[in-house]
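Residue numbers (the working numbering), protein chains in the order written: chain A, 1 to 376; chain B, 377 to 752.
Among the hints, erroneous ones may be present.
[Said to hold, decoys possible] Pair ranges (Cβ atoms, derived):
| hint | chain 1 | residue 1 | chain 2 | residue 2 | range |
| --- | --- | --- | --- | --- | --- |
| 1 | A | L199 | B | P567 | 52 to 58 Å |
| 2 | A | L255 | B | R595 | 28 to 34 Å |
| 3 | B | D638 | A | P293 | 56 to 62 Å |
Since the hints were derived computationally from the structure, they do not count as laboratory data. Note that beta-carbon positions come from the ideal geometry of N, C-alpha and C, so glycine has one too.
Protein chains: 2
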Amino acid sequence: MYITGIGRTKFGVLRQSLPELSYAAISAALSDAEMEVGQLDAIFIGNFCGGPTQSQLHINALIADILPVSHIPIIRIETACASGGAALYQALISLSRFNNVMVVGMEKLNVESVKATSAIAMAADRLHDQAEGLIFPASYALIAQQHMLRYGTELDDLAFISLKNHENANLNEFAHFYNTDIDINKIIRSPVVCSPLRLYDCAPLSDGASAVVVSKTKRRDRDVKVIASSCATGNLSLTNTKDITSFPAVKIAVLDAYKQADLSPKDIDIFMVHDCFTIAEIIAMEDIGICKPGESKHLVREGRTKINGDIPVNTDGGLKADGHPIGASGLAQVFEIVKQLRSEAGNRQVKNASIGLTHNVGGVGGTAVIHIFRKD
Amino acid sequence: MYITGIGRTKFGVLRQSLPELSYAAISAALSDAEMEVGQLDAIFIGNFCGGPTQSQLHINALIADILPVSHIPIIRIETACASGGAALYQALISLSRFNNVMVVGMEKLNVESVKATSAIAMAADRLHDQAEGLIFPASYALIAQQHMLRYGTELDDLAFISLKNHENANLNEFAHFYNTDIDINKIIRSPVVCSPLRLYDCAPLSDGASAVVVSKTKRRDRDVKVIASSCATGNLSLTNTKDITSFPAVKIAVLDAYKQADLSPKDIDIFMVHDCFTIAEIIAMEDIGICKPGESKHLVREGRTKINGDIPVNTDGGLKADGHPIGASGLAQVFEIVKQLRSEAGNRQVKNASIGLTHNVGGVGGTAVIHIFRKD
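Produce the entire structure from the sequences given, and follow the hints as far as they go.
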């Protein structure tokens, strides 16, 4: 199974509509794949909250309407912030039946902020979490508090992650943020959103779309091989979760993925992790085995997760600074890994990168999707 | 590929919550399959508008929360009213990787009626159809007008379909409606919803859940074989559709299904079609080749689509009278076919039924899913 085409839009506060963004990402991926739309056997869509924010469900038929496709199967997948990754997971399974499949993720989050906040809260349990006021910054603030208490993680550790991701985004033409005067003081002095998380600890509300083409067989030299695809589920409700400093679903999915690829974390050259909040990047590094629980702060402080470090994490800026158009985020991670493994990442290129991993999470660990890719 | 377990709740205006309904249907299907939840390798969910009506997205993680499952992949599929059928389609594809997979569809539609109507309208194109006021009764009223104009279909033909489906539902313990004083006059004199469609031409807003277990191999004698599984897409927008008396996606999916099964319509003993409105049952009969366009009225008038007719259609009462909890409807069709092919349908049993077809449609033909089942 190969990634044979990639495409995306800029992420940010954008004028384009959901169909316009989708069309742009699909066209870019087809062009990159040197493929006509007629060569696609099916399309899988990752979209989280098109209903609540755009009054648009049934987005699979929307895509049928805007593309010159001939009635091929098109299916929408929704697993909260892991929708893009889950759509890819499904698409890869469907290669048992098909030859070339498009995966496209898209989201429009820049609507009235109450509407967006309410929509995003729908990824949490209605009965327990929503009723407690656990919108996502609040949930991840609790997680950060617990991690700090248990492991001595400090505010500065979170700030250094934010700084790294903003610096990386400054090298990414598609990123939501281009923030050339970013520095550690600006981050530390930013307003508190939900203690201990400040503005610069939170991913933004982005609009955008990204797409990849997956194929059963290799078509060109530069095509990247998918060597592991794994999905696991965990608790929807944070209220019912005992230990909130780690996500069991992620650990299970990543162990399965390492087994499929016959690799261990030290074999991976580049990691794209789901940093919806800076604390989530810390939890991710520990859950996927880059280091032991509580030790990621050392890697961060020593600069080892920077582009020129030995364990580069979120080279495109991550959800924090590349942006987080929810349904598109998991596929933007794949876009970046493929760019890196093809040596097309320009001034953010990681040297000698041949194996990359994506980590896409829904809710507070309710859904986890892990993929591993190898230069072939 | 086999259906090895089926379960459902009653459909109707129900007190139970979305997780309670889901749990009930899943438990019933596992019990029917004589299987433990631990034997499931994955779960696929069909749900349409849990976000807009229940403030609950990420329902895959909700299911992980309420079941004693060990982090297996759970994925939510949404393709409007075809969500249940599309989830089954995906589950069957996933049998290339898994042995036993649960498919569960659920919906709660009994909320404030403006909220429900707005949510259902999200299955139509936001830019064109929603802006024109094309809520679904309006769309299907236009379809009915065109079908009447072109083929001479009459109000009475629609009424006879409603009567048949209500009579069938009276034999179905799970049905939304138990209406023993139904007669043709009551139907014809019911209030006009959107001309020419009257109250009794419209499926109700139902709550409910249904589930099926699919397995790679046959486990018991009564297991029913899946001999065709097909999905196609068409236009999202009615505004942009030239001929609205037929759905091209349905024709393409059903031709593919007949080809997979090496059968023609006359080989099918029982049909479950997507009668969200009575006119939709007419369009369905013609699109799936039971008769030529415009001729279904004769079959209806002659009583040939009744349970004891030679072409039984919607023996459980269909969406019209069994009910239409959107994400669950496509799987309730499968429940009925399996009951019939196992000869467990009691006083609505079709004699010598060995092959059955389900026809599940999203929007106004935007998504079409066809399955064919055979007694094995």
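Now for the hints, and whether the structure bears them out:
1. L199(A) x P567(B): 52 to 58 Å: holds, 55 Å
2. L255(A) x R595(B): 28 to 34 Å: holds, 30 Å
3. D638(B) x P293(A): 56 to 62 Å: Taking Cβ atoms as reference, D638(B) and P293(A) lie about 57 Å apart, which means the hint holds.
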